[in-house]
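**Q** Here are the chains, one letter per residue:
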Amino acid sequence: MSRGLRLIPIVLLVWLVIGLASQMVERSVPQFALAPAVNSKPGLNSADLVSGQPRLVNIFASWCVPCIGEAPVLAELRRRGVSIDGIAVRDTPNALNAFLARNGDAFERIGSDRQSEVQIAFGSSGVPETFLIDGKGVIRRQYIGPLNASNIPGMVRELEQAR
Amino acid sequence: MKRFALLIAISTAQPVLAESNLPPAYWSNRELPNAKQEAQAEALMEQLRCLVCQGQSIADSDAELAGDMRDLVRRRIAAGEKPSAIRGWLIQRYGSWISYRPTDEPAAWPLWLARVALLLAGAWLIRRRVRLKARG
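Residue numbers (my numbering), protein chains in the order written: chain A, 1 to 163; chain B, 1 to 136.
Incorrect hints may appear among the rest.
Unchecked claim - Lysine to any residue pairs mimicking SDA-like chemistry, simulated, CA-CA at most 25 Å apart:
1) B/36 - B/24
2) A/136 - B/93
3) A/136 - B/95
4) B/82 - A/117
5) B/82 - B/31
6) B/82 - B/22
7) A/41 - B/91
8) A/136 - A/79
9) B/82 - A/23
10) A/136 - B/91
11) B/82 - B/130
12) B/36 - B/21
13) A/41 - A/23
14) A/136 - A/66
15) B/82 - A/121
16) A/136 - B/89
17) B/82 - A/32
18) A/136 - A/39
19) B/36 - B/104
20) A/41 - A/52
21) B/36 - B/100
22) B/82 - A/24
23) A/136 - B/92
24) B/82 - A/79
25) B/82 - A/136
26) B/82 - B/21
27) B/82 - B/56
28) A/41 - B/21
29) B/82 - A/28
30) B/82 - A/41
31) B/82 - B/99
As the list claims (entries may be wrong) - Calculated Cβ distances over 12 Å to all of chain B for the following chain A residues:
32) 90
33) 136
34) 151
Unchecked claim - Label-pair restraints from in silico Cβ distances:
35) B/116 - A/51: 46 to 56 Å
36) A/81 - B/39: 49 to 59 Å
37) B/46 - A/160: 38 to 48 Å
38) A/3 - B/80: 30 to 40 Å
39) A/10 - B/47: 39 to 49 Å
40) A/11 - B/47: 25 to 35 Å
Think of the hints as simulated: they come from the structure by calculation, not from any bench.
Here the structure is a predicted model, which is why all the values come from computation and not from measurement.
Where is the CB? At the ideal position from N, CA and C, for every residue including glycine.
The shape of chain A in the complex, shown without the other chains (with noise of 0.2 Å):
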């Protein structure tokens, strides 16, 4: 067998593996509209993410162990002056605050999604996922599973660049 030949699994299986992101990327962000999911701060819904300004949106849990992990990178993020939305999966105002308490909150707003409706707008698949939306409302990067602070400096490049 030629060696061109014996590639062919190889590309197939990089092929199919290349549609697993989201669909949603470079697209305008879905219309939505999310109840309050804690009693300090505002819901959250599609207009809130067409604000001239490009910023965050987290997608998140208190029941999610991974998301801890995050919120440091979170919290710095916000000290660099990056606006970061929350929409929280399945979640109760009580579980959440003991998270926030705990974890830290870097979240201007959080909207409560309490059937993963707006998560699956979003094309995401679990959390915690994290979505860079641009000043006009276009969805144009995400991050599948925990940030870690290896992230930050290309995130806070592309918000740049998404300005």
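Fit chain B to the known structure of chain A by using the hints.
**A** This is chain B only, laid out in the frame that chain A set:
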């Protein structure tokens, strides 16, 4: 090669399954009162991939996200939406990967071509056998 291995590892990694703080969505484990609509919903649910438990359809899965997707499918069908429109809406978000029904997109061409190729290979094998027999 290292990068490639990493790509495979990332793309096949399973998220940690955790139970959320809320009970299952209303229509996740409840049939629609209209039998025809329920049949439509079930047919569609069997063709939609569970996102957090690869290899299962949302009809087969106990995952909460699969339950929420069943709820979404049933609510939309009860509201009069066509199954093809719901499938299209989901494909717009997750790509054709979410649907078990093969598409006619270029990514699926090898799949369609494989039938023709296998048929031709079979015909060639039979022809060779027949010839060998005729000769022997």
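**Q** Confirm or reject each hint.
**A** Hints, one by one, checked against the model:
1. B/36 - B/24: Holds: residue 36 of chain B and residue 24 of chain B sit about 24 Å apart, inside 25 Å.
2. A/136 - B/93: Cα-Cα ~19 Å, so holds.
3. A/136 - B/95: holds, 24 Å
4. B/82 - A/117: It holds: about 18 Å lies between the C-alpha atoms, which stays within 25 Å.
5. B/82 - B/31: At roughly 17 Å apart (the allowed maximum being 25 Å), residue 31 of chain B and residue 82 of chain B satisfy the hint.
6. B/82 - B/22: violated, 29 Å
7. A/41 - B/91: violated, 33 Å
8. A/136 - A/79: Since the Cα atoms of residue 136 of chain A and residue 79 of chain A sit roughly 23 Å apart, the hinted pair holds (cutoff 25 Å).
9. B/82 - A/23: The given pair, whose Cα atoms are some 22 Å apart, holds under the 25 Å limit.
10. A/136 - B/91: Holds: residue 136 of chain A and residue 91 of chain B sit about 24 Å apart, inside 25 Å.
11. B/82 - B/130: violated, 51 Å
12. B/36 - B/21: violated, 33 Å
13. A/41 - A/23: violated, 30 Å
14. A/136 - A/66: It is violated: about 30 Å lies between the C-alpha atoms, which goes past 25 Å.
15. B/82 - A/121: Answer holds: residue 82 of chain B to residue 121 of chain A is near 18 Å, not above 25 Å.
16. A/136 - B/89: Holds, at about 22 Å.
17. B/82 - A/32: holds, 21 Å
18. A/136 - A/39: violated, 28 Å
19. B/36 - B/104: With Cα atoms ~28 Å apart, residue 36 of chain B and residue 104 of chain B exceed 25 Å; violated.
20. A/41 - A/52: holds, 21 Å
21. B/36 - B/100: Holds: residue 36 of chain B and residue 100 of chain B sit about 22 Å apart, inside 25 Å.
22. B/82 - A/24: holds, 22 Å
23. A/136 - B/92: holds, 20 Å
24. B/82 - A/79: Not OK: residue 82 of chain B and residue 79 of chain A at ~47 Å, beyond 25 Å, violated.
25. B/82 - A/136: violated, 31 Å
26. B/82 - B/21: violated, 32 Å
27. B/82 - B/56: Holds, at roughly 23 Å.
28. A/41 - B/21: With Cα atoms ~20 Å apart, residue 41 of chain A and residue 21 of chain B stay inside 25 Å; holds.
29. B/82 - A/28: Status holds; Cα separation ~24 Å.
30. B/82 - A/41: Answer violated: residue 82 of chain B to residue 41 of chain A is near 37 Å, above 25 Å.
31. B/82 - B/99: holds, 15 Å
32. 90: Given that some Cβ of chain B is not farther than 12 Å from that of residue 90 of chain A, nearest at about 3 Å, it is violated.
33. 136: holds, 19 Å
34. 151: holds, 14 Å
35. B/116 - A/51: 46 to 56 Å: holds, 53 Å
36. A/81 - B/39: 49 to 59 Å: holds, 54 Å
37. B/46 - A/160: 38 to 48 Å: holds, 46 Å
38. A/3 - B/80: 30 to 40 Å: Given a distance of about 55 Å, which is not inside 30 to 40 Å, the answer is violated.
39. A/10 - B/47: 39 to 49 Å: At roughly 28 Å between Cβ atoms, residue 47 of chain B and residue 10 of chain A fall outside 39 to 49 Å, so the hint is violated.
40. A/11 - B/47: 25 to 35 Å: Taking Cβ atoms as reference, residue 11 of chain A and residue 47 of chain B lie about 27 Å apart, which means the hint holds.
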